[in-house]
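Residues per chain are reported as follows:
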Amino acid sequence: MASVLKYRAWPWLPLPFVLILLGVLALTAVQRRRYRVLLGVEILRLPAVREQGWLRRALRWLSGARTWRQAGYHLLVGPLLAVVELGVFAAWVAGLAGVTVNGWAWMLPVQVRLDHVDYATQAVYYTAAGVLLLCAAPWLTGPVTRAETRIALALLGTSRSQQLQQRVEHLSESRTDLIDAVDTERRRIERDLHDGTQQRLVSLAVNLGLAKATLTNLPDEARAVIDEAHREAKEAIAELNDLVRGLHPAVLEDRGLDAALSGLAARVPIPVRLRVDLEERAAPTVESIAYFVVSEALTNVTKHARATRMDVTVRQIGRMLRVNITDDGIGGADTSTGSGLSGLAKRVGSVDGTFHISSPVGGPTTIAVELPCEP
Amino acid sequence: MRAVIAEDSLLLRVGLVKVLEMAGFEIAAEVGDAEALLAAVEEHRPGLALVDVRMPPGFTDEGVRAALVIRKQWPQTAVVLLSQYVEERYAADLLTANTSGVGYLLKQRVADVEEFVASVRRVAAGGTALDPQVVAQLLVRRRSDPLDRLTPREREVLALMAEGRSNTAIAEALIVSDSAVAKHINNILAKLDLPAADADHRRVLAVLRFLGASPT
Numbered sequence: 001m002a003s004v005l006k007y008r009a010w011p012w013l014p015l016p017f018v019l020i021l022l023g024v025l026a027l028t029a030v031q032r033r034r035y036r037v038l039l040g041v042e043i044l045r046l047p048a049v050r051e052q053g054w055l056r057r058a059l060r061w062l063s064g065a066r067t068w069r070q071a072g073y074h075l076l077v078g079p080l081l082a083v084v085e086l087g088v089f090a091a092w093v094a095g096l097a098g099v100t101v102n103g104w105a106w107m108l109p110v111q112v113r114l115d116h117v118d119y120a121t122q123a124v125y126y127t128a129a130g131v132l133l134l135c136a137a138p139w140l141t142g143p144v145t146r147a148e149t150r151i152a153l154a155l156l157g158t159s160r161s162q163q164l165q166q167r168v169e170h171l172s173e174s175r176t177d178l179i180d181a182v183d184t185e186r187r188r189i190e191r192d193l194h195d196g197t198q199q200r201l202v203s204l205a206v207n208l209g210l211a212k213a214t215l216t217n218l219p220d221e222a223r224a225v226i227d228e229a230h231r232e233a234k235e236a237i238a239e240l241n242d243l244v245r246g247l248h249p250a251v252l253e254d255r256g257l258d259a260a261l262s263g264l265a266a267r268v269p270i271p272v273r274l275r276v277d278l279e280e281r282a283a284p285t286v287e288s289i290a291y292f293v294v295s296e297a298l299t300n301v302t303k304h305a306r307a308t309r310m311d312v313t314v315r316q317i318g319r320m321l322r323v324n325i326t327d328d329g330i331g332g333a334d335t336s337t338g339s340g341l342s343g344l345a346k347r348v349g350s351v352d353g354t355f356h357i358s359s360p361v362g363g364p365t366t367i368a369v370e371l372p373c374e375p
Numbered sequence: 001m002r003a004v005i006a007e008d009s010l011l012l013r014v015g016l017v018k019v020l021e022m023a024g025f026e027i028a029a030e031v032g033d034a035e036a037l038l039a040a041v042e043e044h045r046p047g048l049a050l051v052d053v054r055m056p057p058g059f060t061d062e063g064v065r066a067a068l069v070i071r072k073q074w075p076q077t078a079v080v081l082l083s084q085y086v087e088e089r090y091a092a093d094l095l096t097a098n099t100s101g102v103g104y105l106l107k108q109r110v111a112d113v114e115e116f117v118a119s120v121r122r123v124a125a126g127g128t129a130l131d132p133q134v135v136a137q138l139l140v141r142r143r144s145d146p147l148d149r150l151t152p153r154e155r156e157v158l159a160l161m162a163e164g165r166s167n168t169a170i171a172e173a174l175i176v177s178d179s180a181v182a183k184h185i186n187n188i189l190a191k192l193d194l195p196a197a198d199a200d201h202r203r204v205l206a207v208l209r210f211l212g213a214s215p216t
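Residue numbers (this note's numbering), protein chains in the order written: chain A, 1 to 375; chain B, 1 to 216.
No wet-lab data here; the hints were simulated from the structure. A couple of the hints might just be wrong.
[Stated by the list, open to error] According to the in silico footprint, chain A covers these stretches of chain B (three or more CB under 8 Å from chain A):
no., region
1, 12–20
2, 79–87
3, 94–103
4, 124–138
[What the hints assert, rightly or not] With a straight-line Cα cutoff of 30 Å, these simulated DSSO-like cross-link-like pairs (lysine-lysine) come out:
no., chain 1, residue 1, chain 2, residue 2
5, A, Lys212, B, Lys18
6, B, Lys72, B, Lys18
7, A, Lys303, A, Lys234
8, A, Lys212, A, Lys234
9, A, Lys346, A, Lys303
10, B, Lys72, A, Lys234
Cβ coordinates follow ideal geometry from the N, Cα and C atoms, glycine included.
Chain A extracted, bound-state conformation (with noise of 0.2 Å):
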């Protein structure tokens, strides 16, 4: 052991282990096309590691189990298999070989049957030997294929649930994307809305208004007109107002929920009571479902409910975004398909949040939502 130590190149001793483990992704490659061209077993590829920078990338490949999966088929099984492998071709060659010896035999050079004088009666043995070997190879390929193969695909490939895991992963990954790309264009439109089409109303609605104030020696009728295109100025820039304030407010991403939905709850013609009350901010994409879930349920309430009052709470319990939202109306709301309300439901559960509506035909209409504070 001690000299095996004092060899010069045992520091390099390592080394094939290493080319492996950097080659594990070639070589499974390689595997995978030899089962597909060999056994026509298609083993399922491995999803590639997402992560930000190289550096990461790498980390995560190589603290990942299938990696090491991968290496140990590679380094360990995948010899061992090679040799059980071989002995089953062995077996059919050794097996030909006896059934067919009185063939070859008298080929063999005339110093060997020289030495084997009695090799016309071992002959017999050969082919007895050979016929068993031939009738047992097919026996033993059988499994031993179908056992390569399958240890093949549980270190290789993936399982059918490891790979429903992935594509759930997938999905919800790709879900909140989807979520966050929404968030973004309400902000935009907001944005937008609010740079152009808003302060062209207000500019519209001062320059009718600076009119009216200074041209005082027009005829009535053309007062009139200037008045009423005044008031409908007035109007579009209320209309749009609080039809862009159901988006996405500035102040919500600013200052959060608490500060953006007492500007909500005092655009409605009904007296509202709002009790808010929170530990900290939630993500930006609840904060925004939250608000909207507030913004619709008061529209609703508004043009249905026919109540005198209206309960806003948002409270924080644990890891969840608590809103309640009860008024004092008609009940019975529609939460058919392609209603407010059930569009709400899906906005809500595209985070994993949770919807109850309690509405009784008389009242009250009580909305209960759910969300998690992290998506």
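Using the hints, position chain B against chain A.
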């Protein structure tokens, strides 16, 4: 009186200049962001700054923060903030630091030129002007407190007081007599348990309690 205007929308800036000039202000500078606003106020020391809340680079509350700086560093400059939407949170920021020489109004109020000019003059003279929308937002947060003892009419009067209006202006808005308004205000002061002091101070205290900014 000289005025500085900060508004990033060029189109609206032109309109604001016209309105202020009509009201007799001399426009010392027009700028498009908060940094330029502070520089302009430092240079011109105007009596009034008319400021948009949402300006570059962040497009959130730049105007509010600039207003707080202006009121602190140049107290002789009154600030009227304009915004597409008013937020009670920003109003609270403004009012906890100042109760005079500040205004916070929706942009669309500028279109009612005469009323707007009256509000701006009031603020320039050291008064306050709060948009009714801000007052409405504060109302939705009211908790169970002495305010609940007020009648709806008294609450209306208090809301108008909070906007910064005089007794006469409140009487005009509600179409009642001056003496009726005075009676309502006395009832309000009594119901809010405000200490007997000079009338103006009690009036300010009532408004502060209404706005939830009062420490008492």
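Violating hint indices (sorted, rising): 3, 10
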